[in-house]
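*Asks:* Throw the hints in and build the complete structure from the sequences for me.
The sequence shown maps to residues 2 to 161 in this note's numbering.
In short, the hints are calculated from the structure, not lab data.
It cannot be assumed that every hint is accurate.
Unchecked claim - Straight-line alpha carbon distances no greater than 35 Å define the calculated DSBU-like cross-link-like pairs of lysine-lysine that follow:
(1) Lys17 / Lys70
(2) Lys17 / Lys80
(3) Lys70 / Lys12
(4) Lys70 / Lys80
(5) Lys12 / Lys80
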Amino acid sequence: MTDRLTVALVKAGRTKIRYPADLVADTGDRLTVRAPWAAEGVRDFGFVRFEPGDVFTEHFWRSRWYAVKEVRAGDGRLKGWYCDVTRPAVVRDGEIVVEDLDLDLWVSADGTSVLRLDEDEFAASGLAARDPEAAAQAVRALDALEAEAMTSTGLPGLLA
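*Replies:* Right under this line is the structure:
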């Protein structure tokens, strides 16, 4: 495996975004990469702003149905963690491919704000009818992430 990978986030069979990332670690199950904010301009969610200069340390698992992204401002200040519910990561030909299953979780840097996101998109996606087992895995993954975020160690405990 090289020190430079491409991350491809796929949604509904289409590549949503593709960006280069530096490999930080590969345990055999969990891959950790670091990449600058890859989208154009600023994305303001109301509870957090992603903007040029932000750095994402992203954790992908080959066995788990989610990815956890630690988000820091360009000055190093922790903004929080953005968690994507995905199918387990697939690594091939220098690329990490993850399929986004619509559900997301945001955890603020201080852990006081834990927000479940995009449950309406998930319901509208039709995944529950098309692939009930994947839909059940996705809901379990979101529940597990939320439960972990509410523990005394929060998401950093998951990443230790």
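*Asks:* All hints are to be evaluated individually against the structure, with a verdict given for each.
*Replies:* We went through each hint and held it up to the structure:
Proximity of lysine 17 to lysine 70 is assessed by CA-CA distance (about 17 Å); at most 35 Å being required, the pair is judged to hold. Under the criterion of a C-alpha separation no larger than 35 Å, the hint pairing lysine 17 with lysine 80 is consistent with the structure, at around 23 Å. Between lysine 70 and lysine 12 the alpha-carbon distance is near 18 Å, which keeps this suggested pair within the 35 Å criterion. Taken as a hint, the lysine 70 and lysine 80 pair is honoured in the structure, with Cα atoms around 11 Å apart against an allowance of 35 Å.
Between the alpha carbons of lysine 12 and lysine 80 the distance comes to roughly 25 Å, so the proposed pair stays at or under 35 Å and holds.
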